[in-house]
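Colleague: This is what each chain is made of:
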Amino acid sequence: MKTVGLKIFRTATIAAGALATGIAFSNGASVTTVRAADEPRVIEIKAKKYEFAPAEITLKKGEPVVLRLTSTDRVHGFMSKPLKIDTDIPNDTTRDVAITPDTAGDFTVICDHYCGLGHGGMKMKVTVVE
Amino acid sequence: MKNNFDRRSFLRVAGTSLGIGALYSVFPALTRAHGADAVTRTLAQLNGEAPAPFSFVQLSDTHVGFNGPPDPLGTKAFESAVATINGLKNRPELVIVTGDLTHDADSSDEHAKRFKLFKEIAGRIGGAQTKVVPGENDAALDGGDMFREHMGPTHYSFDHRGVHFIALDNVSRGRPEVGVEQLEWMKSDLARFPKSAPIVVFTHRPLFDLKPEWEWFTSDGDDVMNALAPYENVTVLYGHIHRENIHQSGNAKMYAARSLIFAFPDPATTPVKKPMPFDKDAPFKDLGLRRINGGAGGTDLQIEEVELATAEFSGTVGMDQMLKHGSGDAKDE
Numbered sequence: 001m002k003t004v005g006l007k008i009f010r011t012a013t014i015a016a017g018a019l020a021t022g023i024a025f026s027n028g029a030s031v032t033t034v035r036a037a038d039e040p041r042v043i044e045i046k047a048k049k050y051e052f053a054p055a056e057i058t059l060k061k062g063e064p065v066v067l068r069l070t071s072t073d074r075v076h077g078f079m080s081k082p083l084k085i086d087t088d089i090p091n092d093t094t095r096d097v098a099i100t101p102d103t104a105g106d107f108t109v110i111c112d113h114y115c116g117l118g119h120g121g122m123k124m125k126v127t128v129v130e
Numbered sequence: 001m002k003n004n005f006d007r008r009s010f011l012r013v014a015g016t017s018l019g020i021g022a023l024y025s026v027f028p029a030l031t032r033a034h035g036a037d038a039v040t041r042t043l044a045q046l047n048g049e050a051p052a053p054f055s056f057v058q059l060s061d062t063h064v065g066f067n068g069p070p071d072p073l074g075t076k077a078f079e080s081a082v083a084t085i086n087g088l089k090n091r092p093e094l095v096i097v098t099g100d101l102t103h104d105a106d107s108s109d110e111h112a113k114r115f116k117l118f119k120e121i122a123g124r125i126g127g128a129q130t131k132v133v134p135g136e137n138d139a140a141l142d143g144g145d146m147f148r149e150h151m152g153p154t155h156y157s158f159d160h161r162g163v164h165f166i167a168l169d170n171v172s173r174g175r176p177e178v179g180v181e182q183l184e185w186m187k188s189d190l191a192r193f194p195k196s197a198p199i200v201v202f203t204h205r206p207l208f209d210l211k212p213e214w215e216w217f218t219s220d221g222d223d224v225m226n227a228l229a230p231y232e233n234v235t236v237l238y239g240h241i242h243r244e245n246i247h248q249s250g251n252a253k254m255y256a257a258r259s260l261i262f263a264f265p266d267p268a269t270t271p272v273k274k275p276m277p278f279d280k281d282a283p284f285k286d287l288g289l290r291r292i293n294g295g296a297g298g299t300d301l302q303i304e305e306v307e308l309a310t311a312e313f314s315g316t317v318g319m320d321q322m323l324k325h326g327s328g329d330a331k332d333e
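Heads up: the protein sequence lines correspond to chains E and A, in order.
For the first sequence, this note's numbering gives the first residue as 1, with consecutive numbering after it.
For the second sequence, this note's numbering gives the first residue as 1, with consecutive numbering after it.
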């Protein structure tokens, strides 16, 4: 089984003077990352019934990142056992998850907080490259 | 108290080629085993009823209200199951339904109608008590309020002929979890029983990591199984995965029942979770039963998968026949 060593925390402060850059994803979506020289890259992920946007992200092995999670409708889950991520995404609060993947591969993150009839298909792909 | 009977002999599962579900026969071997007398006396004192042989049926995932795709059968398989149970010579005393009685609905009025239809169809089962637990379709959006209104509590326990049954709710908190409060209740509920007591836990989701990326797990399932670990005769029945599965965890054996609406594929060989396609030529394909025959003394279970397809309903002709005329003539073969 693939395992990835991660640290997870609920809040993160982005330093003043952060840099904004655009990141493109293989599915055509793009997100804005906010980054300071000594801060991890921040990737914004929006949840709504029954999808995550972007639906796919690529991380680099050993690179610390913060996944900034928000929901635009209701509470959703954000769970991957191999990535050791397990949190809810409330609809009124931003939730930050810091990770540093240490294993390359493809991983699936699912919504594990039941949100309606399309809940079973709500997932995203995380690719970790060398 | 020392008991030497083989723990595997507690729950002998005997099958018939009934159309749907699994028929369980409970421990005739226990009462013959060395040391069983003491267990019998103790359980009789605790429950007011000594262990005695009986049988019960597990049904699961009826999803009343679902109308495809992929499966246009609606409640036909569920109704066929009820007719089949009523036709059994060895009538079960209990019918246990392990969740997703209804398919979720966009409106609460429609969902309430589905609960009523489930009760109407289940109410046709004669001579057996029906015991249910919720699935996420029944109870995850409203914390179980509608389920409680129509079906009763989402977790509870009861005794039947010396067997202790525990209904566990791992859906109504929204996430796949039992929760600390219910776990403490279960521990307290178990405390009065000797470690040799026969215990059947029934719930919706698997209590182990069967396929987490398909949400086939319970996040605190290990806590539940650790609480059950000291007990020697534990059987866990569950649904949710719409296919048969048998898993051993310490002393406990876990059995998943097939669905009565559509099947999911084998996660070991299929990368994507999606229902198996509907086959008009074999409308009940993968909606079958688990036929299990106990060996001598109830050990060495022989398991045979029997596809749900009677002569009347097999093939395209049978499909048309069923859709036109219903499924009331299913037979106990």
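There's no promise every hint is true.
Derived pair list, reagent style PhoX-like, types lysine-lysine, alpha-carbon separation capped at 20 Å [unchecked claim]: (1) Lys-123(E) <-> Lys-211(A); (2) Lys-84(E) <-> Lys-123(E); (3) Lys-125(E) <-> Lys-274(A); (4) Lys-81(E) <-> Lys-125(E); (5) Lys-49(E) <-> Lys-131(A); (6) Lys-119(A) <-> Lys-131(A); (7) Lys-119(A) <-> Lys-81(E).
Facing chain A, from chain E, some residues (calculated, C-beta under 10 Å) [claimed, not checked]: (8) Pro-40; (9) Gly-77; (10) Ser-80; (11) Asp-86; (12) Thr-93; (13) Ala-104; (14) His-113; (15) His-119.
Hints listed in this document are in silico derivations from the structure and should not be mistaken for laboratory results.
Since this is a predicted model, take the numbers as computed values, not measurements.
Ideal Cβ positions, reconstructed from N, Cα and C, are used throughout, including at glycine.
Colleague: For every hint, state whether the structure bears it out.
Modeller: Hint check results:
1. Proposed proximity of Lys-123(E) and Lys-211(A) is supported: the alpha carbons are some 14 Å apart, at most 20 Å.
2. Annotation: proposed proximity of Lys-84(E) to Lys-123(E) holds, straight-line Cα distance about 15 Å (limit 20 Å).
3. Taking the CA atoms of Lys-125(E) and Lys-274(A), the gap is near 17 Å; set against the 20 Å cutoff, the hint holds.
4. Pair hint Lys-81(E) plus Lys-125(E) holds up; C-alpha atoms about 13 Å apart against a cutoff of 20 Å.
5. In summary, the hint linking Lys-49(E) to Lys-131(A) is not supported, as the alpha carbons are separated by about 33 Å, beyond the 20 Å threshold.
6. Simply put, Lys-119(A) and Lys-131(A) have alpha-carbon atoms about 11 Å apart, close enough for the 20 Å limit, and the pair holds.
7. Taken as a hint, the Lys-119(A) and Lys-81(E) pair is broken in the structure, with Cα atoms around 37 Å apart against an allowance of 20 Å.
8. For the restraint placing Pro-40(E) at the interface with chain A, the shortest Cβ-Cβ distance is roughly 25 Å, beyond the 10 Å limit, so the hint is violated.
9. Given the 10 Å rule on beta carbons, the hint for Gly-77(E) holds: about 6 Å separates it from the nearest Cβ of chain A.
10. Taken as an interface hint, Ser-80(E) checks out: its beta carbon lies about 7 Å from the nearest beta carbon of chain A, inside 10 Å.
11. Evaluation of the Asp-86(E) hint against chain A yields a held restraint, the C-beta minimum of about 7 Å falling below 10 Å.
12. Checking Thr-93(E) against chain A by beta carbon gives a least distance of about 16 Å; that is not within 10 Å, so the hint is violated.
13. Hint status for Ala-104(E) relative to chain A: violated, with the closest Cβ pair at about 18 Å, above 10 Å.
14. The beta carbon of His-113(E) is positioned within 10 Å of a beta carbon in chain A (closest approach about 5 Å), and the interface hint is therefore held.
15. Restraint check, His-119(E) versus chain A: the minimum CB separation of about 8 Å is within 10 Å; hint holds.
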